[in-house]
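**Q** These two chains come separately, so use the hints to put the complex back together.
Top line first, the protein sequences correspond to chains Y and V. Following numbering that gives the first Met the number 0, the numbering of the first sequence begins with 0 at its first residue and continues without gaps. Following numbering that gives the first Met the number 0, the numbering of the second sequence begins with 0 at its first residue and continues without gaps.
Check the hints yourself; a few may be wrong.
[To be verified] Quick partial rundown of chain V residues pointing at chain Y, CB under 10 Å, derived from the structure:
{"#": "1", "residue": "Ser97"}
{"#": "2", "residue": "Ala98"}
{"#": "3", "residue": "Gln99"}
{"#": "4", "residue": "Ile100"}
{"#": "5", "residue": "Leu103"}
{"#": "6", "residue": "Glu106"}
{"#": "7", "residue": "Phe107"}
{"#": "8", "residue": "Leu109"}
{"#": "9", "residue": "Thr115"}
Don't read these hints as lab results, they were simulated from the structure. Backbone N, C-alpha and C define an ideal beta-carbon position, used for all residues, glycine too.
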Amino acid sequence: MKGLCIVPAHNEAASLATLLDEIRREGFDAVVIDDASTDDTASIAATSGVPVLSLPVNLGIGGAVQTGFLYATRHGYDVVVQVDGDGQHDPAWLHTVVTPIREGRADCVIGSRYLPTCPDTGYRTPLARRLGMRFSTMLLRLATGLHVHDTTSGLRALNRRAFTHAALHYPRDHPEAEALLAFHQSGFRILEVPVAMRPRSAGQSLFTFVRAALYPLRLCVGFIGIITRQRAGGQ
Amino acid sequence: MTTFSAAVQAVSLVALGSLLVYTLALVRMGRLSAHLIVSWIVAELLAIIAVLLWGRLPLMSFTSSLGNRELLVVLAVVSFSFIAYLMLDSLQRISQQSAQITRLAQEFALLRAETTRPALDHALVEPLLNVPDMGVPRTEEANTRQRVSTRRDPGLLAQLALAAWLVLCFVLYVVQGYFTLPAFLHHLLLAAHKQ
Numbered sequence: 000m001k002g003l004c005i006v007p008a009h010n011e012a013a014s015l016a017t018l019l020d021e022i023r024r025e026g027f028d029a030v031v032i033d034d035a036s037t038d039d040t041a042s043i044a045a046t047s048g049v050p051v052l053s054l055p056v057n058l059g060i061g062g063a064v065q066t067g068f069l070y071a072t073r074h075g076y077d078v079v080v081q082v083d084g085d086g087q088h089d090p091a092w093l094h095t096v097v098t099p100i101r102e103g104r105a106d107c108v109i110g111s112r113y114l115p116t117c118p119d120t121g122y123r124t125p126l127a128r129r130l131g132m133r134f135s136t137m138l139l140r141l142a143t144g145l146h147v148h149d150t151t152s153g154l155r156a157l158n159r160r161a162f163t164h165a166a167l168h169y170p171r172d173h174p175e176a177e178a179l180l181a182f183h184q185s186g187f188r189i190l191e192v193p194v195a196m197r198p199r200s201a202g203q204s205l206f207t208f209v210r211a212a213l214y215p216l217r218l219c220v221g222f223i224g225i226i227t228r229q230r231a232g233g234q
Numbered sequence: 000m001t002t003f004s005a006a007v008q009a010v011s012l013v014a015l016g017s018l019l020v021y022t023l024a025l026v027r028m029g030r031l032s033a034h035l036i037v038s039w040i041v042a043e044l045l046a047i048i049a050v051l052l053w054g055r056l057p058l059m060s061f062t063s064s065l066g067n068r069e070l071l072v073v074l075a076v077v078s079f080s081f082i083a084y085l086m087l088d089s090l091q092r093i094s095q096q097s098a099q100i101t102r103l104a105q106e107f108a109l110l111r112a113e114t115t116r117p118a119l120d121h122a123l124v125e126p127l128l129n130v131p132d133m134g135v136p137r138t139e140e141a142n143t144r145q146r147v148s149t150r151r152d153p154g155l156l157a158q159l160a161l162a163a164w165l166v167l168c169f170v171l172y173v174v175q176g177y178f179t180l181p182a183f184l185h186h187l188l189l190a191a192h193k194q
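Bound-form chain V, shown alone (with noise of 0.2 Å):
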C-alpha cells in the first residue's frame, strides 16, 4: 500500500472513528434514542473495520493497484453510500413516525367532537378543549427561540460541514479529469498524488 493510501486510510479512520464517537456521545446525552440508532452504529463500525481492513480487501487491491485517484473515487463513492444508507434509515423512521403522528390527530380530533357534544357537563370538558395547538410556534419569541436553537446545534453544523467537505472532493475530482484547473489547486492536488 502506497504512502498516500495509508494518509487516506488514516484520515478515513479519524473521520469515523470520531463520528462513532459523537453517536454514542449523542446517545449518552439523551439527545438520540438508543434504541433508534443500533443500526447507524452497526453501519459505522462495518465501516471502520472496512477501512482497517483496507490492505486486506480484494476491492482495495485492485484499486491499488491502479493507482491513487482511483482508490479516491472508490472512497468518495462508498462514503456517499455510507451517507445514503444512513438518510435512508432515518427517513424510513421519518415516515413510521409520520403515520403515528396522523392516526393521533384523528383519534383526538374525534375525542374533541365527542367531547364538545351539548349534552355533557361543560366544567368537566372545557380543560380537554384547552390543548395547546401543535402546529409551527406562531409568536415571534417562539419563532427566535427556534432559530437561535437551530444556529446553535454543532451536531447540525457538523453535518453540514462534512457534507460539503465530501462534495467539494468529488467535484475537484471530476474537474480535475475533465477541465484545466487554476495553477495553485493543480499544485496542491500534485503535491497529494506524489505523497
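If we strip away everything but chain Y, and leave its shape as in the complex, we get (with noise of 0.2 Å):
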C-alpha cells in the first residue's frame, strides 16, 4: 500500500526539516504544500528532497490540504496521512493511524487525544480551543449521531476513496469537523485511535481569538451548508 503524508505549511520553517526527517524515517513518501508562505518554508522542504506545492496565494488549511488531496490523487497512492507542519503531530504514530485503513475497517481514521480510553494527558489544549471543539463535537453528535472526541485533530488518514472523495469537495477554512460531517453524509466509515501530540515547537497558531470566538456560528453555518446540500442531491 503506497502511503503518502501531506504537510500543510504556513512559515514553519523553524519545524519543517525536523518534520520531515522523521516522516522519511517511517517509510512514507511526503510532499509539502507551502501555503503562501513568506519565510523559508518551501526551500527548506526543496532541500529536504520532497515534492513542494507552493500556492501562490494563502488557500488556508483546507485548500493546502485539499491541494494534497488532489496530488495524491494524480499519483496514484493508496492512503494519505494529513500531518501538520508546526511538528504537533508526532509521524511515531503514522502507522497507528493507517492500519485499521490498512485493515480496511475505515475510510478516514482520526488521531484523537481525547479517547476516554486512552487520553493524552500530556499535551494541555488552550480553553479557546477546547471550548470550540466541544462545541463541535456536540454539533457532529446532533447532526450525524456519531461520538468523535477529537473533531479538530489534523492527524487523520484517509483512503484513496475517501481523499479522492475530499479532493473535489473540501471544507477551506476550520474544516476539521465539517469534513467529518461530509463524510459521514457521503458513506465513508469513521474511526478514531488514540494518539498523543507533541506541543508547537514554533511558529504561531491559527487560531487566534478572534478566529475562536467566530468558530461556532462558522461551524453552524459550514454544517447548515453541507447538510442543506446532501438533502438537495438526494432529492
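**A** Set out below in C-alpha cells:
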C-alpha cells in the first residue's frame, strides 16, 4: 500500500526539516504544501528532497490539504495521512492511524487526543480551542449521531476512496469538523485511534481569539450548508 | 397622495434613476461586466416601477392613510431590502470567484511542482517558474498606487455617501420617536411633516 504524508505548512521553516526527516524514517513519502509562506518553508522542504506544492496565494488549511489530496490522486497513492507542519503531530503514530485502513476497518481514521479509554494527558489544549472542540463534538453528534471525541485533530488518514472524494469537495478554513460531517454524509466509515501529540515547536497557531470567538457560528453555517446540500442532492 | 408623499416619490425617482444611469455608465466604461449586472439592473427597474406606481400599490395606499411618518419608515425598510438584495448578489459572485481562484491556485501549484522535476531541461521550464506573485503588492510604490486608486474612485465615495445618508435618515426617525431632539432638528423635521 503506497502511503503519502500531506504536510500543509504556512511559515513553518523552524520545524519542517526535522518533521520531514521523521516522516522519511517511518517509510512514508511526503509532499509539502507551502501555503504562500513568507519565510524559507518552501526552500527548506525542497532541500529535504520532498516535492513542494507552492500555492501562489494563501488558501488556508482546507485549501492546502485539498491540494495535497489532488496530488495524491494524480500520483496513485493508496492512503494519505495529514500531518501538520508545526511539528505537533509525531510521525511515530503514522502506522497507528494507517493500520485500520490497511485492515479495511475504516475509510477515515482520526488520531485522537481525547479518547476516554486512552486520553493524551501530556497535551495541554488552550481553553478557547477546547471550548470550540466541545461545541463541534456536540454539533457533529446532533447532526450524525457519531460521537467523535477529537473533531479538530489534524492527524488523520484517508483511504483512496475518501481522499479522492475530498479532492473534489473539502471545506476551506477550519475544515476538520465539517469534513467529518461530509464524510459521514457520503457514507465513509470514520474511526478514532488514540495518539499523543507534541506541543508546537515553533511558529504561531492559526487559531486567534477572533477566530475562536467566531468558530461556533462558522461551524453552524458550514454544517447547514453541507446538510442542505446533501438533502438537495438526495432529492 | 399628500404633497410630502409626492416630494418623497420625486426624490426616490431621481435617486433610483441616477443609480440606473450610473450602473449603465459603468457597464459602458467596461468597469462592470454586463453579464454580471443583469440582476442589478432588473432590481433597479423594478424599484423605479414600484415608485412610479406608488399611489396605486395596495401597500402605499394603506400607509398613506396612516400618515407620512409611517410612509418614510416603509421607504427606509424597502431601501434597506433593496440594498441587502444587491449586496447578497455581490457576495454570491464573490463566493463563486473565490472557489475558482482556489481551484486555479491549486492547479498552478501542481503544475509548477511537475515542471520543477530535475529530469526536465531547466532552460525549458525556467519561464514557467517566473510567474508574478498574485498576492498583495509588497512594494511601497504599489501600495501607494493602490491607496490612491481607492481615494479617486467616485463610485466608492458615492456608495458610502448613500449608505451614510440612509443610515442617518433611519436613525433620526427612530430618535424622533423616542428621545427629545435638539430644537433646530425638531423644527426641521416639523417643517418636512407639514409639507
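**Q** Which of the listed hints are broken here?
**A** Of the numbered hints given earlier, the structure breaks just one, which is hint 3.
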